[in-house]
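Novice: Residue-level listing of the chains:
There are 2 protein chains.
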Amino acid sequence: MATSASSSSLLDHLVIGIDIGGTGTKFGIVDRDGNVLFSSEISTKKHKEVETFIDELYSALGELINKAGGTGRIKGIGLGAPNGNFYTGTIEYAPNLPWKGIIPLAKMIEDKFKLPATLTNDANAAAIGEMMYGAAKGMKDFIMITLGTGVGSGIVANGHLIYGHDGFAGELGHTIIIPDGRMHPGTGKKGSLESYASATGVRYTTIEVLEKSNEKSLLRAIPKDEIDSKKVYEAAVKGDKLAQEVFEYTGKILGIALANAVMFSSPEAIILFGGLTKAGEYILKPTREHMEANLIQVFQNKVKILISHLKESDAAILGASALAWE
Amino acid sequence: MATSASSSSLLDHLVIGIDIGGTGTKFGIVDRDGNVLFSSEISTKKHKEVETFIDELYSALGELINKAGGTGRIKGIGLGAPNGNFYTGTIEYAPNLPWKGIIPLAKMIEDKFKLPATLTNDANAAAIGEMMYGAAKGMKDFIMITLGTGVGSGIVANGHLIYGHDGFAGELGHTIIIPDGRMHPGTGKKGSLESYASATGVRYTTIEVLEKSNEKSLLRAIPKDEIDSKKVYEAAVKGDKLAQEVFEYTGKILGIALANAVMFSSPEAIILFGGLTKAGEYILKPTREHMEANLIQVFQNKVKILISHLKESDAAILGASALAWE
Numbered sequence: 002m003a004t005s006a007s008s009s010s011l012l013d014h015l016v017i018g019i020d021i022g023g024t025g026t027k028f029g030i031v032d033r034d035g036n037v038l039f040s041s042e043i044s045t046k047k048h049k050e051v052e053t054f055i056d057e058l059y060s061a062l063g064e065l066i067n068k069a070g071g072t073g074r075i076k077g078i079g080l081g082a083p084n085g086n087f088y089t090g091t092i093e094y095a096p097n098l099p100w101k102g103i104i105p106l107a108k109m110i111e112d113k114f115k116l117p118a119t120l121t122n123d124a125n126a127a128a129i130g131e132m133m134y135g136a137a138k139g140m141k142d143f144i145m146i147t148l149g150t151g152v153g154s155g156i157v158a159n160g161h162l163i164y165g166h167d168g169f170a171g172e173l174g175h176t177i178i179i180p181d182g183r184m185h186p187g188t189g190k191k192g193s194l195e196s197y198a199s200a201t202g203v204r205y206t207t208i209e210v211l212e213k214s215n216e217k218s219l220l221r222a223i224p225k226d227e228i229d230s231k232k233v234y235e236a237a238v239k240g241d242k243l244a245q246e247v248f249e250y251t252g253k254i255l256g257i258a259l260a261n262a263v264m265f266s267s268p269e270a271i272i273l274f275g276g277l278t279k280a281g282e283y284i285l286k287p288t289r290e291h292m293e294a295n296l297i298q299v300f301q302n303k304v305k306i307l308i309s310h311l312k313e314s315d316a317a318i319l320g321a322s323a324l325a326w327e
Numbered sequence: 002m003a004t005s006a007s008s009s010s011l012l013d014h015l016v017i018g019i020d021i022g023g024t025g026t027k028f029g030i031v032d033r034d035g036n037v038l039f040s041s042e043i044s045t046k047k048h049k050e051v052e053t054f055i056d057e058l059y060s061a062l063g064e065l066i067n068k069a070g071g072t073g074r075i076k077g078i079g080l081g082a083p084n085g086n087f088y089t090g091t092i093e094y095a096p097n098l099p100w101k102g103i104i105p106l107a108k109m110i111e112d113k114f115k116l117p118a119t120l121t122n123d124a125n126a127a128a129i130g131e132m133m134y135g136a137a138k139g140m141k142d143f144i145m146i147t148l149g150t151g152v153g154s155g156i157v158a159n160g161h162l163i164y165g166h167d168g169f170a171g172e173l174g175h176t177i178i179i180p181d182g183r184m185h186p187g188t189g190k191k192g193s194l195e196s197y198a199s200a201t202g203v204r205y206t207t208i209e210v211l212e213k214s215n216e217k218s219l220l221r222a223i224p225k226d227e228i229d230s231k232k233v234y235e236a237a238v239k240g241d242k243l244a245q246e247v248f249e250y251t252g253k254i255l256g257i258a259l260a261n262a263v264m265f266s267s268p269e270a271i272i273l274f275g276g277l278t279k280a281g282e283y284i285l286k287p288t289r290e291h292m293e294a295n296l297i298q299v300f301q302n303k304v305k306i307l308i309s310h311l312k313e314s315d316a317a318i319l320g321a322s323a324l325a326w327e
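Protein chains in written order, with this note's numbering: chain Z, 2 to 327; chain D, 2 to 327.
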């Protein structure tokens, strides 16, 4: 009987994960356990036309597919991209990508690769990745927040990602935390979470605090243009009070945003991912404190704040790939 | 053949809706089209013990059930109550009810009435009512917000109410809109939506504005204790600038909260219900404007703000009753 052989080859199925960023695009071939078997990267930025981008992707991925045993072993392709719409498979007006307007990316990939392709935005893909392979394994209600250059989020409720009416739900980074607060240069909106609780936000807060206070700080020796969240973290570790205050303030704003998110969808956990989480307790302690302080009683001391334990180099590919299993 | 008779009697099935408020409890018998066939009300407040409350409810509802043709026609009971937990059927630490601690209400009602009973909080019940009988008929993604003495909300995504991990999701009224803002006397938290965009909030804002400004106002003739949102509305209609400013300010805060909610779950519409909506365009115009002004582009000019068209006297009963059909 061939049944057992064919069902074992089904279990062997692999998927492709492609994470499209403004600068580069990472891609890889992933198995059911979340092992990235083969991976590589091409430039996004250099492709003014999406067609040449897809051609290069096809040729680079072709090599990996051959190494993995051919197209027959691939179940499908998952795509994560900024402003990626799950319902339509299109990228719509992504400010950080070189291609303008509405790009029918999932369809173009399907036509080129002759494999089913599913698209969503990068933060939603990350959430599915955490649910499939990471810290949210087995959870039905959680929120994933990526704290990088910007702030992305994916919200899972009742075991399903919330896409919303139009496919664009889960933009916690753009919710307003400080009305009439700091202007976001990309959106023109004032006081959004992303304006504060991102690597860029930490940089701005540091420059503001340095200008407003007279406190001594190791950061005063660094030219303003070179201040970034990593240098602020290094100063904080060395005991620099001003640097620690920057994280305290960032954590306060993140904590309020998390409290609001908890009172919205009451998750079991919030999973944090991305560069800012490297600041560890300098940012997590105030975040936790201000979250709890702003929660009404029924939500207090219930919600775990977890740091993603997926390898940063793999996480984007894993997240996108997880879409292809669904 | 008896099939057609029995299937027509199935279609005839009725449900009971019970809405438990801090002061009174409304209940009624409802058909599939959302007609409240029989209804009545008893006091909640006078019952220090939940047992005597259930006894009185049983006897009062018994009369209505008899009028409707007996228990055999009743499919089940839906219950809406503050802090009602859908998963456990319990009311947990409801500050405005006379019964303290955790009350296993759904079980107690089932035992007494010998009918299946389902409980959720009042705002979630209202959302299901709108989806079943009201402005949200046919929608899969919407948010219901009740603007009364307090602010309640129910969030529907992918066609399902979001209950969250613990059954308490959807507390938009307690999300923080103005960090370190006005203290909420019930929760002790500062700057929540409910502190501003409720009948109570409008009263406080009016008193604050009267104290801070020297502007002439019809409201100055009213003793402070007697100022309420209805009187502010009446003054606004008469052209009172200060009263209009109060609604403008309330709408600004509500608009920010709605923008945040939209960026969270991207609904097709937001349905508003309750006393404050009677202020009509005085509050809706600034709400709409500030919502749009705080939305990032991808969400702009997409989300309808609708006023519930359910009769206020029926809506609470309808909302609770809708649970019993599920």
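Mixed in with the good hints there might be a few duds.
To be verified - Calculated lysine-lysine pairs in the DSBU-like style (CA-CA distance at most 30 angstroms, straight line):
1. D/K286 - D/K191
2. Z/K101 - Z/K47
3. Z/K303 - D/K191
4. Z/K141 - D/K312
5. Z/K141 - D/K239
6. Z/K68 - Z/K108
7. Z/K191 - D/K305
8. Z/K191 - D/K101
9. D/K191 - Z/K213
10. D/K279 - Z/K141
11. Z/K138 - D/K138
12. Z/K231 - Z/K213
13. D/K279 - D/K239
14. Z/K231 - Z/K286
15. D/K242 - D/K232
16. Z/K305 - D/K101
17. Z/K108 - D/K303
18. Z/K303 - D/K108
19. D/K305 - Z/K101
20. Z/K191 - D/K213
21. Z/K217 - Z/K242
22. D/K138 - D/K232
23. Z/K68 - Z/K46
24. D/K239 - Z/K286
Unchecked claim - Reference listing, derived: stretches of chain D covered by chain Z, where coverage requires no fewer than 3 residues with Cβ under 8 angstroms from a Cβ of chain Z:
25. 83-96
26. 103-116
27. 149-160
28. 163-169
29. 176-188
Since the hints were derived computationally from the structure, they do not count as laboratory data. These figures come from a predicted structure and were not determined experimentally. The C-beta atom is built at its ideal place from N, Cα and C for all residues, glycine as well.
Novice: If you test the structure against every hint from before, which numbers come out violated?
Specialist: Result: hints 4, 5, 8, 10, 11, 22, 24, 26 break, sorted rising.
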